[in-house]
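Undergrad: First to last, the sequence lines map onto chains A and B.
Quick note on numbering: the first sequence equals residues 1 to 422 in the working numbering.
Quick note on numbering: the second sequence equals residues 1001 to 1270 in the working numbering.
Treat each hint with caution, since some may be false.
[Said to hold, decoys possible] Short, incomplete list of chain A residues facing chain B, as computed with Cβ under 10 Å: (1) Glu160; (2) Leu172; (3) Phe177; (4) Arg269; (5) Phe275; (6) Asn290; (7) Asp291; (8) Asp302; (9) Gly305; (10) Val306; (11) Glu313.
[Unchecked claim] Partial pick of chain B residues on the chain A-facing surface, computed with a CB cut under 7 Å: (12) Val1156; (13) Ser1170; (14) Leu1171; (15) Val1173; (16) Gly1238; (17) Lys1239.
It should be emphasised that the hints constitute simulated quantities derived from the structure, not laboratory data.
Where a beta carbon is used, it is the ideal one built from N, C-alpha and C, also for glycine.
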Amino acid sequence: MSILVVGLNHKTADVDVREKIAFAADEIPAGLSTLKSITGVNEAVILSTCNRVEIYLSGAGSDKISTGVKDYFSALRNIEREKLEAALYMRGDYDGVRHIFRVASSLDSMVLGEPQILGQLKSAFDLALKNSSSGIILNKLMKKAISVAKRVRTETKVAENAVSIGYAAVELAKKIFGELADKVSMLLGAGEMAELAAKHLTGFGVKEVIVANRTYERGCALAEEFSGRAIEFAEFKHEMTKADIVICSTGAPSYVLNKSDMEKIMKDRKKRSVFIIDISVPRNIDPAVNDIDNVYLYDIDDLQGVVDTNLHERQKEALKAEEIVKEEVEVFFKWMQSLDAVPTIVALRKTAEDIRDEELTKLFNKLDGLGEKEKKSIELMASAIVNKLIHPPTVALKSDDEDRDILIAAVRRLYGINGDMK
Amino acid sequence: MVIAFELALTCYFISTILGVLELVKGSKATSRGMTVFAILGFTLHTLSIVMRFIQGGHMPVANLHEAASLFAWSVVIIFFIIEIKYRVGLLGAFIMPMAFILMLSSSILPREINPLSPVLQNYWLWIHTLLAFTGDAAFAVACGTGVMYLIQEHFVKAKKLGGLFHRLPSLRVLDEVNYRLITIGFPLLTLAIISGAVWAEGVWGTFWRWDPKEVWSLITWFFYALIIHLRITAGWHGKRSAIMSVAGFVAVLFTFFGVSILLKSMHEFK
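Whenever a hint applies, use it, and build me the whole structure from the sequences.
TA: As structure tokens, then:
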């Protein structure tokens, strides 16, 4: 019995290959049943996201299976075998399980620690369950992967702190203002970056958005998008007395706001705090503005610096996460081993024989004066019953039938044979 | 009695150490441990004060040892109230060291039980003491939040957004709690001064004698009045307000310890 991961991701394949291979949600049921029809395959799960397409399989004979999967891909997607082979990776057993745990914990993601992948893995698993393509092994493996991911998230900080400029800005705004619900934000210039940052902020619920753009019409269009209010560009200094968060990217060649402008604005707004994000290059706001009390000015490099620090922190935390993954892979393989037929047969026999011996002792204690001969006969009879009772399950466990794993698990549960994974 | 005091001091010390560890490393275990030892210390502390009260037969504020101990006790209780109401992360790491230092200074001061003149022993003793100590404690915790504000503000201004930045509360919360505490402390101090004057009139026949304690209380009062005034009229909040709240607490400490130790005062706990 082995586990196999076949897949490609953002590191091994360019987007043109990835999009060719990727499964649409409605293609997955058919895909799962085709995969299951490959010789040797017992169970299958398909995970398909924009950054990776991976197939998780359990069955017997990895070589046969992997050839089958490659054939399947090249036939299905009409892709050159060579190109496909270059992009695909195969990971069996230990490496395969480790890979799945790392994927679930977002250690293999393009943005380390990003949270979506776990949800995507859960839906992939759900789909496999619905199509009954996942069985005893992959069920356990998927559930374990989800719990490992949760453990990584609670025990390490690999998913903490913003790693994009937009989120870094939101995080800062929250550290300055606490709640954003009563805050007004202002867009100075209607560049794409500013728009993006504003989307983040409105997503976190600022009260109002004011847009000041050199072309008034463009400003109006943008204001509509955020159900905000457009103003004439010349008015912006005046309106800034109302704005708590200012996002600036005007494309002007020089400063549009200097220190003395800002000092006046601060006086008018009774020194209430202002968070200014200047994402224009060259900068549009005099850096000296940051020296004024309760004014916090961040330019694009500052924000990038924040993102870099946070990413670095995540990388440090990822080392701890790798340890957790390693630990959990061991646990999983202990369970896999328990599924091996031989130890189960031995344990079953031992359970039966223990019962026999216990009952015999009890009986002999009760019946006094039994001769050696009688004792021997009784012992023989008891052994015969035991052997006959455990013979059919033993044969079934030794068989190479497809459902052997289920039988092993069933026997272990029915007879209370421990060694099962929690 | 002594043992309860000593154990409370030890608990505050452990709580302080855990608080500092929390600042540095930020694990949940240290934060929980800090709270547990703070509560344990506070319970023992309460016990030691009650026992001292029974032994002396009057409210234990007759010397500086007792007063400093009661001060520490008030700081801890105000901290608990603020913590329950606002859940200001890491506040304990700033307040418990304060409580510990107050307790430590209490522990090294002469501990004999001083008799309290019977003429002072009436309900004014209770009113004046409770008002003054809770007021001072509110200022102490305000000072703690002020320090936290200054640290966090430094991080944001200097763009050093490390681990502590993420763990400290937002500037807004710190500023709000800081001001809240000042607006709690200020009326308490006002009433403490008034009740002190009324009490003095009852005991000595005059409301006000420009005793150093009175003078310094008044200076402190003016300082906090100024903080509130500047905030309302000139928008002095945030950094300036935080600095003022720290400076204000220095005045409180001088009124409390400095006057008692350095200047000659009629006030009890000299």
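Undergrad: For each hint, tell me whether it holds in the structure or not.
TA: Here's how the hints hold up against the structure:
The interface hint given for Glu160 of chain A holds, since its Cβ lies 7 Å from the closest Cβ of chain B, which is under the 10 Å cut-off. Interface hint at Leu172 of chain A: satisfied, since its Cβ lies 7 Å from the closest Cβ of chain B, which is below the 10 Å cut-off. A cut of 10 Å between beta carbons decides the hint on Phe177 of chain A: the least distance to chain B is about 5 Å, and the hint holds. Hint on Arg269 of chain A holds. Least Cβ distance to chain B is approximately 8 Å, under the 10 Å limit.
For Phe275 of chain A, the shortest C-beta to C-beta distance to chain B is roughly 9 Å, which falls under 10 Å, so the interface hint holds. Because the beta carbon of Asn290 of chain A sits about 7 Å from the nearest beta carbon in chain B, less than 10 Å, this interface hint is met. The interface hint given for Asp291 of chain A is met, as the beta carbon of that residue sits about 9 Å from the closest beta carbon of chain B, less than 10 Å. Taken as an interface hint, Asp302 of chain A checks out: its beta carbon lies about 5 Å from the nearest beta carbon of chain B, inside 10 Å.
Given hint, Gly305 of chain A at the interface with chain B, holds; its Cβ is 7 Å from that chain's nearest Cβ, closer than 10 Å. Hint on Val306 of chain A holds. Least Cβ distance to chain B is approximately 5 Å, under the 10 Å limit. Annotation: interface hint on Glu313 of chain A holds; nearest CB of chain B at approximately 8 Å, less than 10 Å. Checking Val1156 of chain B against chain A by beta carbon gives a least distance of about 5 Å; that is within 7 Å, so the hint holds.
The restraint placing Ser1170 of chain B at the interface with chain A holds, with a minimum CB-CB distance near 4 Å, inside the 7 Å limit. The closest approach between the C-beta of Leu1171 of chain B and any C-beta of chain A is roughly 5 Å, which is under the 7 Å cut-off, so the hint is satisfied. A cut of 7 Å between beta carbons decides the hint on Val1173 of chain B: the least distance to chain A is about 5 Å, and the hint holds. Here the hint on Gly1238 of chain B is kept, as its CB sits about 5 Å from the closest CB of chain A, short of 7 Å.
A least Cβ separation of about 6 Å between Lys1239 of chain B and chain A falls short of the 7 Å threshold, and the interface hint therefore holds.
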